[in-house]
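Student: Take a look at the letters that make up each chain.
Number of protein chains: 4
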Amino acid sequence: MCPVKALCIKGRPRDSKRESAIAEASISLIQEVGYERCTIEAIAHKAGVSKATIYRRWKNKAEVIVHAISHHAFSQTPSIDTGNLRDDLVELLLAKVKVLKGPDGAVIASIMSAANTDSELAKAIPHSVRDGESQVHKVILERAIERGDISPNANLELLAEITPAIMTYRIFMSQQPVNRKFIESLVDDVLIPSAQKIATNK
Amino acid sequence: MCPVKALCIKGRPRDSKRESAIAEASISLIQEVGYERCTIEAIAHKAGVSKATIYRRWKNKAEVIVHAISHHAFSQTPSIDTGNLRDDLVELLLAKVKVLKGPDGAVIASIMSAANTDSELAKAIPHSVRDGESQVHKVILERAIERGDISPNANLELLAEITPAIMTYRIFMSQQPVNRKFIESLVDDVLIPSAQKIATNK
Amino acid sequence: MCPVKALCIKGRPRDSKRESAIAEASISLIQEVGYERCTIEAIAHKAGVSKATIYRRWKNKAEVIVHAISHHAFSQTPSIDTGNLRDDLVELLLAKVKVLKGPDGAVIASIMSAANTDSELAKAIPHSVRDGESQVHKVILERAIERGDISPNANLELLAEITPAIMTYRIFMSQQPVNRKFIESLVDDVLIPSAQKIATNK
Amino acid sequence: MCPVKALCIKGRPRDSKRESAIAEASISLIQEVGYERCTIEAIAHKAGVSKATIYRRWKNKAEVIVHAISHHAFSQTPSIDTGNLRDDLVELLLAKVKVLKGPDGAVIASIMSAANTDSELAKAIPHSVRDGESQVHKVILERAIERGDISPNANLELLAEITPAIMTYRIFMSQQPVNRKFIESLVDDVLIPSAQKIATNK
DNA sequence: TTTTAACCGAGACGGTACGTCACGTCTTGTG
DNA sequence: CACAAGACGTGACGTACCGTCTCGGTTAAAA
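Residue numbers (my numbering), protein chains in the order written: chain A, 1 to 202; chain B, 1 to 202; chain C, 1 to 202; chain D, 1 to 202.
Fair warning: there could be bad hints in the mix.
If chains are identical, the list can't say which one is meant, so a pair holds when it fits in one copy or spans any two.
Dumping the calculated DSSO-like pairs for lysine-lysine here, alpha-carbon to alpha-carbon at most 27 angstroms [claimed, not checked]:
1. K51 x K96
2. K59 x K181
3. K138 x K17
4. K101 x K61
5. K61 x K51
6. K138 x K10
7. K17 x K101
8. K17 x K51
9. K59 x K10
10. K98 x K10
11. K17 x K98
12. K101 x K138
13. K46 x K101
14. K98 x K59
15. K46 x K10
16. K138 x K181
17. K61 x K17
18. K181 x K10
19. K10 x K101
20. K17 x K46
21. K61 x K181
22. K138 x K51
23. K10 x K51
24. K61 x K138
25. K10 x K96
Calculated from the structure, these hints are not laboratory results.
Working from the sequences, and respecting the hints, build out all of it.
Tutor: Following this line, the structure appears as structure tokens:
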């Protein structure tokens with residue numbers, strides 16, 4: 001007999017393998033057909049799972065997607081070390097564009113849809129996205145600090161936020177090209193000056 | 001008889017008043033109930049128009065919205081003149097946040113939905129958004145140039161693109177707060193250093 | 001475990017009460033407003049059922065109606081016994097006219113619409129109509145045989161088919177009156193001679 | 001000046017060629033695609049005419065069809081003369097079946113639809129159908145009278161009505177076969193006994 | 001000859017019903 | 001209880017056809 005009533009869960013326990021199957025199915029469906037045509041029924045079928053099993057765990061399509069995204073290992077930008085900050089940043093951004101235009105791009109785009117529908121829950125998503133992204137940023141920037149390429153006044157967090165913001169904006173909203181030329185001007189005209197700024201007159 | 005065959009339009013001409021009625025109805029519905037609950041039937045009813053009249057012009061709900069947005073006059077940020085660049089920018093960004101969180105915020109958010117579904121046509125949208133936004137930017141920056149506050153090396157277009165990008169990202173995607181503190185650090189740590197950068201090491 | 005695989009029905013079984021509710025709703029709507037104004041949505045609403053539930057079972061409005069009709073118990077002509085064949089037949093036909101002009105008339109008329117659209121499935125309908133009709137016929141004719149009023153050469157099935165045919169034709173197609181005078185001449189000039197015919201010269 | 005006001009018709013007169021073009025287009029569309037898919041727009045297009053021109057003349061689709069049918073020359077059964085009544089009738093009915101199963105069959109079937117929808121106006125239609133059909137009947141029957149094959153008591157009109165009724169019923173409603181065997185039993189067991197009946201016991 | 005009024009083709013328009021699709025819930029039998 | 005299967009109510013979608021209307025342009029009788 002179960003001594004602690006509240007912990008005594010009767011019946012068949014949930015199979016945790018289902019969670020991951022559903023998450024994987026969701027992501028690959030988004031990559032294949034896009035968010036709009038990624039239906040719950042299709043996810044269920046692809047995951048070899050029934051709809052009830054999905055809705056027993058999450059109350060919404062949005063939450064299903066949120067969970068899938070937040071457990072998705074986004075393709076990582078490779079570690080970069082050219083020896084100087086400027087070229088490190090350019091290479092990093094070029095690598096990021098490649099990711100955003102690859103299969104994970106559709107996933108990122110779907111975040112934006114989900115975010116609109118489900119503003120409350122969408123809050124949780126970008127952490128995972130940002131966390132992954134900022135890792136490489138940090139390495140590059142820390143190396144630059146050691147070299148003395150970056151002013152101690154620099155706002156590193158903000159710098160790490162600007163790049164995904166402007167690239168997402170260009171690629172998914174204004175549909176403008178994000179080529180090497182644009183990236184170089186972004187690095188030379190914004191990121192480097194900001195990283196090297198002398199003092200705040202605040 | 002019509003002298004120029006190609007110009008001789010047969011049949012009852014489309015009533016352009018319908019187009020604008022539909023566009024207005026779409027926008028105000030998005031503002032009232034959001035993109036998801038803005039149905040074609042509701043638009044038709046509000047515009048005093050039949051569904052057929054809508055689908056005769058656009059093949060999709062997405063295209064209807066795209067058209068509506070691209071013809072929408074977004075609320076403008078007021079003209080600002082504090083006398084110095086830094087405060088101009090802070091005031092400008094504060095005003096923009098207000099807009100993005102007001103009724104037009106829902107409209108902007110809906111752009112992101114439409115953009116996913118309708119990547120081809122979505123290209124046309126942001127022009128209207130950017131064009132409106134960049135106007136005030138230009139005034140502020142030009143005034144700063146006259147005062148000598150901005151280096152001739154500054155990349156003004158890029159500067160004008162960063163602000164909407166990061167604000168949209170924060171508000172609609174990462175759901176992070178966009179308060180005075182954040183805006184000030186954005187201005188002081190990124191925009192000003194970039195505007196005043198001395199030379200390109202390219 | 002289900003021992004017989006083929007009989008093991010998975011998933012929630014269809015609720016057969018829905019079928020009958022839909023059929024009843026269809027028939028009563030046809031009786032009330034006629035075939036043309038009997039919409040699927042109205043049927044669904046009257047049956048307390050959703051459109052999807054209807055379209056899950058039948059692929060067409062026509063098939064819905066076909067099913068409804070083929071499960072409808074048409075109002076029966078009462079049993080008749082005047083003691084002689086001639087008057088039995090006259091009374092029977094008068095009773096039938098009454099039925100065809102009553103609520104079931106609209107239903108019979110709708111058969112003709114459905115039959116045009118849905119020639120394949122319409123085959124199934126008239127069984128129900130004929131089966132009900134022929135019952136009373138048989139009783140009358142068998143009694144007449146016992147009395148010796150009918151020649152053993154008579155083609156009883158054909159006789160039983162002529163009356164609904166000519167009455168349907170008159171009422172629904174040529175819109176001619178079907179009054180007592182017409183019925184008497186039909187009985188005296190066609191049915192009785194045919195029933196009493198002496199021999200086939202074939 | 002026009003002396004009789006009522007007769008004074010100004011403006012471009014209606015082109016009567018349109019009426020026939022519309023009627024022909026209607027009939028051939030019914031023959032090709034059936035009543036259900038014979039739309040006003042298709043008729044207009046096929047007749048090289050605008051919808052307005054159609055609705056200027058008739059207020060309904062039903063009336064358009066009614067007019068077309070009532071001006072349609074149904075394919076005639078050929079004149080028959082085998083020398084005896086029984087074989088004349090059999091040949092006649094076989095010829096009629098052929099007609100009903102040919103292109104005009106669809107037209108006849110459409111009458112039934114129109115009759116249901118438009119009970120008021122449908123009254124006018126069958127005259128044209130019956131008139132054409134009864135012609136051949138009459139010739140055959142009159143010849144039989146001359147030969148003395150038919151009793152002077154026979155109800156010829158009723159006889160002429162039974163055949164189309166039962167054949168229409170079989171072909172379009174109960175979908176039963178109308179083959180030579182059925183036709184012979186109809187002639188031998190019903191038509192001939194009725195035609196030769198000795199006296200009315202009325 | 002000019003005016004006038006109805007005709008005509010084309011196709012926009014409001015309306016109504018259709019048949020489809022996805023969501024999220026519910027109901028079976030089975031493990 | 002979990003689970004697969006799939007029925008169910010709901011509500012929006014996009015389509016099709018009806019019958020009306022509004023254009024520019026034509027045609028024949030009336031003035």
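Student: Next, verify each hint and record whether it holds.
Tutor: Against the structure, the hints come out as follows:
1. Taking the closest pair of Cα atoms, K51 and K96 never come within 27 angstroms of each other, the shortest separation being 35 angstroms inside a single copy and 43 angstroms across copies.
2. Taking CA atoms no more than 27 angstroms apart as the test, K59 paired with K181 passes in neither setting, with 45 angstroms inside one copy and 36 angstroms between copies.
3. When the C-alpha separation of K138 and K17 is checked against a cutoff of 27 angstroms, the pair qualifies neither within a copy, at 34 angstroms, nor between copies, at 55 angstroms.
4. Taking the closest pair of Cα atoms, K101 and K61 come within 27 angstroms of each other both inside a single copy (24 angstroms) and across two copies (26 angstroms).
5. For the homomeric pair K61 and K51, the shortest alpha-carbon distances inside one copy (11 angstroms) and between copies (23 angstroms) are both at most 27 angstroms.
6. In this assembly of identical chains, K138 and K10 lie within 27 angstroms of each other by CA distance neither inside one copy nor across copies; the values are 46 angstroms within and 54 angstroms between.
7. Taking CA atoms no more than 27 angstroms apart as the test, K17 paired with K101 passes in neither setting, with 30 angstroms inside one copy and 40 angstroms between copies.
8. Within a single copy, K17 and K51 get their C-alpha atoms as close as 15 angstroms, and across copies as close as 25 angstroms, so both meet the 27 angstroms cut-off.
9. In this assembly of identical chains, K59 and K10 lie within 27 angstroms of each other by CA distance both inside one copy and across copies; the values are 22 angstroms within and 25 angstroms between.
10. Neither within a single protomer nor between protomers do K98 and K10 lie at most 27 angstroms apart by alpha-carbon distance, with minima of 48 angstroms and 46 angstroms respectively.
11. Taking the shortest alpha-carbon separations for K17 and K98, neither the intra-copy value of 31 angstroms nor the inter-copy value of 45 angstroms comes in at or below 27 angstroms.
12. Taking identical chains as interchangeable, the C-alpha atoms of K101 and K138 lie at most 27 angstroms apart only when both belong to the same chain, with a minimum of 23 angstroms there against 31 angstroms between chains.
13. For the homomeric pair K46 and K101, the shortest alpha-carbon distance inside one copy (24 angstroms) is at most 27 angstroms, but the shortest distance between copies (39 angstroms) is not.
14. With identical chains, the CA atoms of K98 and K59 are never at most 27 angstroms apart, being 34 angstroms at best within one copy and 32 angstroms at best between copies.
15. In this homomeric assembly, K46 and K10 come within 27 angstroms of each other (Cα to Cα) only across copies, at 19 angstroms, whereas the closest approach inside a single copy is 29 angstroms.
16. Taking the shortest alpha-carbon separations for K138 and K181, both the intra-copy value of 24 angstroms and the inter-copy value of 23 angstroms come in at or below 27 angstroms.
17. Proximity of K61 and K17 under a CA criterion of 27 angstroms is satisfied intra-copy only: 19 angstroms inside one chain copy versus 32 angstroms between copies.
18. In this homomeric assembly, K181 and K10 never come within 27 angstroms of each other (Cα to Cα): the closest approach is 61 angstroms inside a single copy and 50 angstroms across copies.
19. For a Cα distance limit of 27 angstroms, the shortest separation of K10 from K101 qualifies neither inside one copy, at 46 angstroms, nor across copies, at 43 angstroms.
20. In this assembly of identical chains, K17 and K46 lie within 27 angstroms of each other by CA distance solely inside one copy; the values are 14 angstroms within and 33 angstroms between copies.
21. Proximity of K61 and K181 under a CA criterion of 27 angstroms is satisfied in neither setting, with 39 angstroms inside one chain copy and 35 angstroms between copies.
22. Taking identical chains as interchangeable, the C-alpha atoms of K138 and K51 are never at most 27 angstroms apart, the minima being 41 angstroms within one chain and 53 angstroms between chains.
23. Proximity of K10 and K51 under a CA criterion of 27 angstroms is satisfied in both settings, with 23 angstroms inside one chain copy and 14 angstroms between copies.
24. Proximity of K61 to K138 under the C-alpha cut-off of 27 angstroms is found in neither arrangement, the shortest distances being 34 angstroms within a copy and 43 angstroms between copies.
25. Taking the closest pair of Cα atoms, K10 and K96 never come within 27 angstroms of each other, the shortest separation being 47 angstroms inside a single copy and 48 angstroms across copies.
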